[in-house]
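*Asks:* The chain contents come next:
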Amino acid sequence: MSPRRHPAPPRRRREPVLALCLLLLAAATLTACTDDKDHRTLRVLASPELADVEPLLKELEDDTGVELKMEYKATADLSGPLGSYDLAWPASDRSYLLRQQEKGERTARPESTAIMRSPVVVGLARAVADRLRRGVPGGRLSWADIADAAADGTLRFGMADPRRSDTGRAALVGVATAAAGTGGALRAKDVSCDRLRGFRSGQTLTGASSRELIDTYVRRQSAADALIAHESELLTLNAAGKLKQPLEIVHPQDGMVLSDFPLMLLDAGEHKAYRKAVDWLRRDDVQKKLMERTWRRPVGPDVPRPAKLRAEIGNALSYPDQLAVVERLMENYGSTGGSGRSAAGDHVVFLLDFSTSMRGRRMADLRAAFADLSGADPTAAGKFARFYRGERLTVVRFAGRVLQERTVTVRGDGDLKALNSFVGKGGFGDDTAVWSALGRGYDVAAGAVADHPRQPLSIVLMTDGENNAGLSYGEFRRRHARLDAAARDVPTFPVHFGEADAGALRRAADATGGRMVDANSSSLSQAFKEIRGCR
Amino acid sequence: MPEDSRPSTEEPRLTTSRPARRRTRHPRHIIAATPLALAGLLALLVSGNSLRPFERITTIDGKMASKSDYFKDPEVQRLLLKHGIRVDIHRLGSRGIATQSLRGMDVVFPSGQPAAKLIMQRQQRSVRTARPFVTPLVLGTFRDYAKTLEAAGVARPQRAAGGGETLYYDLDMKKFLNLIEGRKTWNGIDFAEHSNRSNAGRVLVRTSSVCESNAAGTYLSILAFVENDNQAPGTERDRHKPAGSGGGAASDPVLDVAQQVKPLINLQGMAADEQADSYFSDEGESIAPVSLIYEHQFLKHQVDHQKKRGKQDSRRVLLYPSPHALTEPELISLGEQGDRLTELMESDAALRRRAIELGFRVRFSGEDGTSEQLNAYLREHEVQVPTPNPDQTKADAPDLDALERIINYVGSCPPAGQGDDEDDEGDE
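If you read the sequences in order, they're chains A and B. For the first sequence, the numbering used here begins at 13 and goes up steadily by one. For the second sequence, the numbering used here begins at -7 and goes up steadily by one.
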């Protein structure tokens, strides 16, 4: 221990004890103090968010002789060489454990102790929060409402990169779990289609870590109306007074992912020092200081909390137990670039059957489906699946031949209204040329792929009858086979409706890497929602 | 867990050995206690904590899971220190203990018999052990959820003496599993009618990892027992085999049950350690509506709550599964140092007495002796006395081999690598 003759004022309370130790040291019966306070320095790989505990670590060292040397590094799953670290202190050990589990090795699971908790929440600019709440019955916002507003361009948010940051990853898993809406953990089939396209279209800020994200936001407050981060970071940000206007913290009512900031023992040889550090950090008085300094929630039940940390956090969402699910999720989410809007929105080509048999109820169903996708659907699934700003939509109306075609890139409500009236105005024809229509779809696709090679593209083929005009299926396949690889690989998602030939549609789906859905058992709206985001 | 400071502040010797006591919120109190601390330190010096003039303190390294609650207790630590023993806790799941190297350990304290047996199988010599207490496996939940389950006809409240709100419910596991298998959500079984909150999450039990923990493994054996028409899988006769069920391969009754049980566990996604830790935290109800814990953890919490706040924690309530499973932790010595501790646990009445105060059911002489003392202690501290297993239904555990196969199947656990473990030098 280092003899401190002039301890700082706040530490005065310990002076008698310190003096006592020194006295005893002087009395040469020295082991009494040094044995228990054997000085250890432990290297800690820590989440950059935890820089806020640094000031307390000196006290830890004074009290226990354990010095934590923090090295702050944004890492989502503690990947990279860990050999030189004694401890790790991430926001969550879930991704690390998933990766370990995937390796299937019988490696000893490191001892791990939760130190503090904080849920991933949304911080909203006051005006935006008020506006969103007005649109929601009961006024309790959900992730679906955030996704909805992001899709229609009225909400721009920042979120850390899920590939590099554990906070970003927790946020992504949370939103995706809410989007799947199963009430359980995400499974592979829940992420086989990307339901977060609309949500993502509203992302304007990112960062390798949530620290970086927040720093960027402080500099460019007009670039976003919302931040997705730990409650603790947003409360800290508000308290720092660097914002023109504090962010209002919303705990989305469809659930959240909770981080517990575990301190993990990587080098089992340092167990004793680890225990001391953990026991110290879990002491009620230390928990109180941690809470006051970092706005994270204490793990123990006996620390009185300020009002801001008594807010209900909602229900914790289950975290997927398969690495492949999380990886698929990140792959879908794609590269959001360094900053600014994410990669181009999707392009979807709708081939819609306007043969006379579509008249009446079926046409009404089709209109409703497009209205739902344009933002009328109040369900959570609908809010996630809707058309979004930046998305490119081509509608081809066909009967015995292609009747009409219209393409819009969604910039605002006006574009969606134009598209809806194009779909809704009717104008039916005789016969059903399913394969000619699909051929036309691939012509559009070939052009789009050439012009925008990086834009994800898919074809939706909705028909209610069997092919009785134009190309045969065989002819279509021969034409399709002659396309460039990029166009050939565009998947087709046939929607089986009315008296359509399910077998033929399924063949077309299989041949192009798509999937057929049946609208007869539900509705066109349901069927369209089901294939949204699939590629 | 933040320890209850009461017993130790009265104990000067601990005050000095634990900086925690000096840094409480009452500086004046502390200053007043300084002379005491000085006396305590001297006492320690005399008793020879590290100066070793007369007696030495032995540090015993032990891997343990939830039963570290016992050795973390300040009063237990004080009692052990009187015998010159300090226990250094290495915390990990019981089954984790059983499947990992035990090098450098003096004792291990798995929370139940399956893990204890696995560990003893690996020992080359006969070992001293102690089984100081038992505790039933239970489900910790919250009032609104218990009421929802009651309304759904799945849980039945135990009568509280004096007619107050009960802390305990009996849970019909068969019906409860029907809810889980029926993909019911809490809102779907009218949670909102019993709460001002809403929960669109599915009805499920949060457990720790089946690969790592005794609680989850034991819970699996209850599930397997219920799913297998109330018999332990692996014990049925051929009559139970579904004749000519597909594939031609002879069906394996144990794996069949494992397949049935797997989704009931995997539904929760990633398992989380330290269920009790999160259950008793302020965020507990948000983290998990139903968590798999042990009875002793709940009873200890209620006694503490009474002491601190003068009333029971009536928000947290227990579900006693029926059929039920009793767990029996076993302290296993791995060497001479460990032998001292196991002997002490067997012989020292004060240590056993303290176990009762921590909510354990301690065997004294007769079988029936286990509960009476605990009940008396609870009554004395005005905590409702539970009836853990009113209809005496017990989930027979599958034999060790069958249970291992079920666990490995359900958890897709990494291979236990028996080869490495045969000799303790083998792996790290």
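Some hints here could point you the wrong way.
As the list claims (entries may be wrong) - Covered by chain B, per the in silico footprint, the following chain A stretches (three or more residues, Cβ under 8 Å):
1. 98 to 110
2. 282 to 290
3. 498 to 512
To be verified - BS3-like, lysine-lysine: derived pairs with alpha carbons at most 30 Å apart:
4. K254(B) - K64(B)
5. K320(A) - K74(B)
6. K300(A) - K176(B)
7. K166(B) - K201(A)
8. K70(A) - K81(A)
9. K300(B) - K320(A)
10. K254(B) - K74(B)
11. K288(A) - K299(B)
12. K109(B) - K115(A)
13. K288(A) - K139(B)
14. K284(A) - K64(B)
15. K85(A) - K320(A)
16. K303(B) - K301(A)
17. K301(A) - K300(B)
18. K284(A) - K74(B)
19. K256(A) - K288(A)
20. K167(B) - K300(A)
21. K74(B) - K64(B)
22. K254(A) - K300(A)
23. K300(B) - K201(A)
Stated by the list, open to error - Over 12 Å on every C-beta distance to chain A, these chain B residues come out as not near it, computed from the model:
24. L84
25. R123
26. E157
27. S201
28. E266
Derived from the structure by calculation, the hints contain no laboratory data. Glycine included, C-beta positions come from ideal geometry on N, C-alpha and C.
*Asks:* Look at each hint and say if it fits the structure.
*Replies:* Quick rundown of the hints versus the structure:
1. Interface restraint, the segment 98 to 110 of chain A with chain B: holds (3 residues with C-beta to C-beta distance below 8 Å; minimum three).
2. Given as covered by chain B, the segment 282 to 290 of chain A passes the check, having 3 residues with a CB less than 8 Å from a CB of that chain where 3 are the minimum.
3. As drawn, the segment 498 to 512 of chain A meets chain B at 0 residues by the rule of a beta-carbon pair under 8 Å; below three, the given contact is violated.
4. In summary, the hint linking K254(B) to K64(B) is not supported, as the alpha carbons are separated by about 34 Å, beyond the 30 Å threshold.
5. Proposed proximity of K320(A) and K74(B) is contradicted: the alpha carbons are some 45 Å apart, above 30 Å.
6. Proposed proximity of K300(A) and K176(B) is contradicted: the alpha carbons are some 39 Å apart, above 30 Å.
7. Among the hinted pairs, K166(B) with K201(A) is consistent with the structure: their alpha-carbon atoms are about 29 Å apart, no more than 30 Å.
8. Between the alpha carbons of K70(A) and K81(A) the distance comes to roughly 10 Å, so the proposed pair stays at or under 30 Å and holds.
9. Restraint check: the Cα-Cα separation between K300(B) and K320(A) comes to about 24 Å, which is no more than 30 Å; the hinted pair holds.
10. With a CA separation close to 47 Å, the supplied pair K254(B) and K74(B) exceeds the 30 Å bound.
11. For the proposed pair K288(A) and K299(B), the alpha carbon gap of about 28 Å is at most 30 Å, so the pair holds.
12. A distance of roughly 28 Å separates the Cα atoms of K109(B) and K115(A); the hinted pair therefore holds under the 30 Å criterion.
13. Proposed proximity of K288(A) and K139(B) is contradicted: the alpha carbons are some 42 Å apart, above 30 Å.
14. Pair hint K284(A) plus K64(B) holds up; C-alpha atoms about 14 Å apart against a cutoff of 30 Å.
15. Straight-line distance between C-alpha atoms of K85(A) and K320(A) comes to about 29 Å, which keeps the hinted pair within the 30 Å bound.
16. Our distance criterion of 30 Å between C-alpha atoms is met by K303(B) and K301(A), whose separation comes to about 28 Å.
17. Proposed proximity of K301(A) and K300(B) is supported: the alpha carbons are some 22 Å apart, at most 30 Å.
18. The suggested pairing of K284(A) with K74(B) holds, with an alpha-carbon distance near 22 Å, which does not exceed 30 Å.
19. About 42 Å separates the Cα atoms of K256(A) and K288(A), which puts this hinted pair outside 30 Å; it is violated.
20. Between the alpha carbons of K167(B) and K300(A) the distance comes to roughly 43 Å, so the proposed pair goes past 30 Å and is violated.
21. A threshold of 30 Å between alpha carbons decides the hint, and for K74(B) with K64(B) the separation of about 16 Å falls inside it, so the pair holds.
22. Restraint check for K254(A) and K300(A): the C-alpha separation of about 25 Å stays at or below 30 Å, so the hint holds.
23. This hinted pair does not check out: K300(B) and K201(A) have alpha carbons roughly 49 Å apart, beyond 30 Å.
24. With a closest Cβ-Cβ approach of about 6 Å to chain A, L84(B) is found to fall inside the 12 Å limit, against its non-interface label.
25. The beta carbon of R123(B) is kept farther than 12 Å from every beta carbon of chain A, the shortest such distance being approximately 25 Å.
26. Every CB of chain A lies more than 12 Å from the CB of E157(B), the least distance being 20 Å, so the non-interface label holds.
27. With a minimum CB-CB distance of about 8 Å to chain A, S201(B) fails to clear the 12 Å threshold, and the non-interface call is violated.
28. For E266(B), the non-interface assignment is contradicted: its Cβ lies about 7 Å from the closest Cβ of chain A, within the 12 Å cut-off.
Of the numbered hints stated above, those contradicted by the structure are hints 3, 4, 5, 6, 10, 13, 19, 20, 23, 24, 27 and 28, listed in ascending order.
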